[in-house]
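Participant: Residue numbers (the working numbering): 1 to 84.
Source of the hints: derived by calculation from the structure; they are not laboratory data.
Given the structure is predicted, the values throughout are model-derived calculations rather than measurements.
Heads up, the beta-carbon is just placed ideally off N, CA and C, and yes, glycines get one too.
Be careful, since some hints might not be right.
Simulated restraints on C-beta separations [stated by the list, open to error]:
#1 Ala37 x Glu17: 31 to 39 angstroms
#2 Ala6 x Met32: 13 to 21 angstroms
#3 Gly15 x Cys41: 31 to 39 angstroms
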Amino acid sequence: MAAVLADAVDILRRGPEYNKGRPYRDVVAWIMAERDAWPFCFVALCEVLGLNADKVRAQLLERNGTASGGRGHVLCRTTLQTTS
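Please model the complete structure; the sequences and the hints are all you need to start from.
Facilitator: Structure, rendered in structure tokens:
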């Protein structure tokens, strides 16, 4: 499951220009989605990995300029912290 999250981080790192933007938009939508029945939804994946989904979501989107609506991106150098 960590590989799914790592792939998402890699796509965010590449930015919206990667592969005509589709993977980037899909990852942003996946991160923004609330919990659903799919076992690989972002929230469920974070729970299995012991991560706080809201904090991870905020860090990933903020560091990529997505949270503020920015078009640019910043390399993801996020240290993911487990929930206590």
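Participant: Find the hints from earlier in the document that the structure breaks and name them by number, from lowest to highest.
Facilitator: 3
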